[in-house]
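So the chains spell out like this:
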Amino acid sequence: MSVELQKHSRGLTTIAPVFLVLIAAALAFYKIAYLGYNLDEVVQSESYLLETVIDFDGHGSGIDIALALPEKLSNQEVSDESFSSADLKFGTYRAEGNRFGRWRSSGLTGHRQLTYSATVVTRNIRYIVDSTLPTQQEIPDAVGASLLPDEFTQSDHPEIAKLADSLGLSGTRPIMSNIRTIYDYAVNDLKYVVYSGTTDALTTHRLGEASCGGKSRLMAALGRSIGIPSRLVGGKILKSGQARTSHIWVEYYIAGQWVPFCPTNKYFAEIPSNYLILYHGEAPLLKRTKDINFKYYFNLRKRLVSRAAGLAKLKEHPLNILNIWATFKRAAISLELLRIIIMLPIGILVVVICRNLIGVETFGTFMPALIAIGFRDTGLLQGLLLFSIIMVFGAFVRIVSNRMQLLHTPRLAFILAFVVMFMLSLTALGVQLGFLNLARVALFPMVILTLTVERFSLTVEEAGWFDAVRITVLTMSVAAAAYSLMSWRFLQAVVISFPETLLLVVVIFIYIGRYSGFRLSEYVRFRHLLTRPTR
Amino acid sequence: MKMTGIKKFLPSSKGLLGINARNLSYIYTHNKREYFPNIDNKLSCKELLSNHNIPTPETYGVVDGPKTLPNWSACLDNVNDFVVKPSKGYGGMGIMLVTHEDDSYSNSSGQISADDLEFHIMQILNGAFSLDNRPDVAFFEEKLSNHSAIDTLIAEDVGGVADIRIIFQHHRPVMGMLRLPTRVSMGKANLHQGGLGVGIDIETGLTKSGCSKNEIISIHPEIGNKIAGHTIPDWSAMIEYGSRISNIVNLGYIGVDFICDANKGPLVLEVNARPGLNIQIANQAGLRDVLE
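As you go down the protein sequences, you meet chains A and B in turn. According to this note's numbering, the first sequence is numbered sequentially starting from 1. According to this note's numbering, the second sequence is numbered sequentially starting from 1001.
Be a bit skeptical, because a hint or two may be false.
So the derived list for chain B, only partly shown, Cβ under 10 Å to chain A, looks like this [claimed, not checked]:
hint	residue
1	Gly1018
2	Ile1019
3	Asn1023
4	Ser1025
5	Gly1091
6	Met1122
7	Asn1133
8	Cys1211
9	Ser1218
10	Glu1222
11	Asn1225
Quick list of the computed label-pair ranges, beta carbon to beta carbon [as the list claims (entries may be wrong)]:
hint	chain 1	residue 1	chain 2	residue 2	range
12	A	Gly11	B	Glu1034	16 to 24 Å
13	B	Glu1292	A	Arg10	15 to 23 Å
14	B	Ser1243	A	Leu27	28 to 36 Å
15	A	Val506	B	Gly1065	41 to 49 Å
16	B	Ile1216	A	Arg10	52 to 60 Å
17	B	Thr1231	A	Asp467	48 to 56 Å
18	B	Phe1036	A	Val506	25 to 33 Å
19	A	Ser521	B	Met1186	45 to 53 Å
20	A	Pro445	B	Ser1243	44 to 52 Å
21	B	Leu1069	A	Gly11	47 to 55 Å
22	B	Asn1023	A	Glu461	47 to 55 Å
23	B	Glu1292	A	Pro445	25 to 33 Å
Sample of chain A residues with no beta-carbon within 10 Å of chain B, all distances over it, derived [unchecked claim]:
hint	residue
24	Pro134
25	Arg173
26	Thr289
27	Lys290
28	Ala395
29	Pro445
30	Glu462
31	Phe526
By construction, these hints were calculated from the structure, which means they are not laboratory data. Ideal Cβ placement from N, Cα and C applies to all residues, glycine included.
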């Protein structure tokens, strides 16, 4: 009977992997050959998670805050936008060609935090302009306003006109010659200094120095003074980390398109790949009610991501019922959730390898992979730290509950309740102190934490503190390894575009499941027997 | 199989059985899941073995639910020492050795009250020590003592009972080991907790080498005696009992735990369907070499 069973399973374990690999290959082939899947299109090498965090204190009166939001332009794509609005009303609106998110409340008191987050992908564009184009050009009505002087760009001021004259600018020269002169002047003759607040064109000229905004406004003023439509561009230089600074550069209207110039970082007719445009013109990055102890910062994290446009294009294909991305989009389920679900088997794969091939002891079978999901919101190091803190707290509660001699299930519930309250306190503390990652601890899987606490405490009782701590460290290590693979954006993009990759993971499960050799740890366990001479 | 390709590149396992191979080649093929309940429930397993004239420790009484809980001590009126056990416990969890004098109870950690004991029984009923925390049954069993021949291998100040594990493949004994409680293990005959494992020659019933955790030893660390050369009492009786159990419980690869009691001789304590692998270190021999 058992021999028969073994033969049967042997046949299946030989055929099943071949079958699964064939299905996966066929699906991938179908998608590439007939549906136009292209890995380059769906896998974008570089993107940033942009997070704008706004803090303020309400004092009972009305609150009105508007934030300029990035949008899709020729150099940039924006996806996965999300807003947190506390108890304020939120909406988006357009004004003067820009898009804003607006938070309002008729009156509130106390501290609030608002966040905007989005995945942004930017690219470098160089403009090649015919050097003989004249400065005089046909200007559409919509662009006309960009010739007029304004509060900060005093293009009609005699001193600006005088400066234009002395630089040799003239409406009869080719447009690119004029622009080159202005650009060289702004780059070489205006000293760069860091100013806070708005510096207008005239002040910049008089001082001979300015920050990015002043330099750009003087460039715009000089451009307008000789009839070149000019406008400011406000944005963010993409670089991982937390910062408050934003950046300003200038665009000239040349032969039907707006061409960017940055006198601060020296880009001539070019927008570099790390510039994200947030608004055009003098629109403020943030408009807000006064006297609310207002603070804001940008948080940027570099990562790899599937390009929304690539995936969206595939979605339109009428035959593509296999597009999991589009399915989730249609069901209005967040893409972040899709990432968790689709990467879970990958995390489990790490656990299976650690347990069955290496022989690492962990609490619970899949617990490390589930813990790894919790790290997604806090980041790895802070996740590990928070996890340890909560474990210690939970173990303490467990000791107290032991003194009370509670029955098993109510005791678990007792611990769970305290773990929940402790995590909420950490979240409140995080918000109060402005540590957003600490606040995210609320997204930790609480039941998993509670069960880990219980396993930890049981191990302390059965095998002592040393073993309990040892297994905790091993569990965390496996969780960290699972997290690293699950959060690898390239792999995510591949698996989301080609979910059949998971069939290959299943094949690995089958092979590991039939691996009857030693686990690595057994070479250590039996080392004394393995090193003795064979009899 | 498929993996032989990869195994070629790994160091030789020298006839030793690893967890993966034990599960794949022996447990899954010899032990069908449907027969696990025959041994997972210790009470019914004892009954099953008794019906086949295999001696097991005496059961004083059973607490199988809240109704019988208030009268738990009724069956213990004339008993001094006893053991409280969960019927579906695993890994020795929830087992408590109790000494009963007049109206007071004590266990290994000292004096305990009747309420403490009742709470422990309640914990057992609630499944605190059973697999998956399923509701369980608690029972009282006689406390056994070591045969004098085995007692000489245990330090005098160590309480606790030694047991003998024999692995059977169907009716055939393949490897045996005496497990001795030590000061380190605090009286428990559990290798993980610091008990000593002593390999036994299957043919002769004489002790061979030994191990402490994963280290090989030839001298008892707490007494200083040589470990090899001691005769296990009633060895042939244990082999005889054990060789019948595989058929009775319908499992083909089992570890049978015996206790050699000073008065009653060999008794089957429990049967394990996933016997551990450290027995190989105690015997300095691989299971692969002796299994068919």
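Taking the hints in turn, this is what the structure says about them:
At a threshold of 10 Å, the smallest CB-CB gap from glycine 1018(B) to chain A is about 4 Å, leaving the interface hint in force. Nearest Cβ of chain A to the Cβ of isoleucine 1019(B): about 6 Å, under the 10 Å cut. The hint holds. A cut of 10 Å between beta carbons decides the hint on asparagine 1023(B): the least distance to chain A is about 8 Å, and the hint holds. For serine 1025(B), the interface hint holds, since its Cβ comes within 10 Å of a Cβ in chain A; the closest pair sits about 6 Å apart.
With a cut of 10 Å, the hint placing glycine 1091(B) at the interface with chain A holds, because the nearest CB-to-CB distance is about 7 Å. Checking methionine 1122(B) against chain A by beta carbon gives a least distance of about 7 Å; that is within 10 Å, so the hint holds. Evaluation of the asparagine 1133(B) hint against chain A yields a held restraint, the C-beta minimum of about 6 Å falling below 10 Å. With its C-beta approaching chain A no nearer than about 8 Å, cysteine 1211(B) sits inside the 10 Å limit, and its interface hint holds.
The interface hint given for serine 1218(B) is violated, since its Cβ lies 12 Å from the closest Cβ of chain A, which is over the 10 Å cut-off. Hint status for glutamate 1222(B) relative to chain A: violated, with the closest Cβ pair at about 19 Å, above 10 Å. Among the interface hints, the one on asparagine 1225(B) is violated; its C-beta lies about 21 Å from the nearest C-beta in chain A, farther than the 10 Å criterion. Checked against the given bound of 16 to 24 Å, the beta carbons of glycine 11(A) and glutamate 1034(B), roughly 23 Å apart, stay inside it.
Against the hinted window of 15 to 23 Å, the Cβ-Cβ separation of glutamate 1292(B) and arginine 10(A) comes to about 18 Å, which satisfies the hint. Between serine 1243(B) and leucine 27(A) the Cβ separation comes to about 55 Å, which falls outside the hinted range of 28 to 36 Å. In this structure the supplied range 41 to 49 Å holds for valine 506(A) paired with glycine 1065(B), their Cβ-Cβ distance being about 44 Å. With their beta carbons about 37 Å apart, isoleucine 1216(B) and arginine 10(A) fall outside the hinted range of 52 to 60 Å.
Between threonine 1231(B) and aspartate 467(A) the beta carbons are some 35 Å apart, a value that contradicts the proposed interval 48 to 56 Å. Look at phenylalanine 1036(B) against valine 506(A): about 27 Å separates their beta carbons, and that is inside 25 to 33 Å. Judged by the Cβ atoms, the range 45 to 53 Å given for serine 521(A) and methionine 1186(B) is violated: they are separated by roughly 26 Å. Under the hint 44 to 52 Å, the C-beta atoms of proline 445(A) and serine 1243(B), about 49 Å apart, fit the expected range.
In this structure the hint that leucine 1069(B) and glycine 11(A) lie 47 to 55 Å apart at CB holds, the actual value being about 53 Å. Taking the beta carbon of each, asparagine 1023(B) and glutamate 461(A) are about 27 Å apart, not inside 47 to 55 Å as hinted. The supplied range of 25 to 33 Å is broken by glutamate 1292(B) and proline 445(A), whose beta-carbon atoms lie about 46 Å from each other. For proline 134(A), the condition that its CB be more than 10 Å from all CB atoms of chain B holds, with the nearest at approximately 73 Å.
Even its closest Cβ contact with chain B, about 74 Å, leaves arginine 173(A) beyond 10 Å, as expected for a residue assigned away from the interface. The non-interface label for threonine 289(A) is consistent with chain B: the shortest C-beta to C-beta separation is roughly 55 Å, beyond 10 Å. Every Cβ of chain B is farther than 10 Å from the Cβ of lysine 290(A); the closest lies at roughly 59 Å, confirming the non-interface assignment. Every CB of chain B lies more than 10 Å from the CB of alanine 395(A), the least distance being 18 Å, so the non-interface label holds.
With a least beta-carbon separation of about 20 Å from chain B, proline 445(A) lies farther than 10 Å from that chain, consistent with its non-interface assignment. At roughly 7 Å from the closest C-beta of chain B, the C-beta of glutamate 462(A) falls inside 10 Å, breaking its exclusion from the interface. The Cβ of phenylalanine 526(A) sits about 5 Å from the closest Cβ of chain B, inside the 10 Å cut-off, so the non-interface label is violated.
The structure fails hints 9, 10, 11, 14, 16, 17, 19, 22, 23, 30, 31 (numbered hints given earlier, in ascending order).
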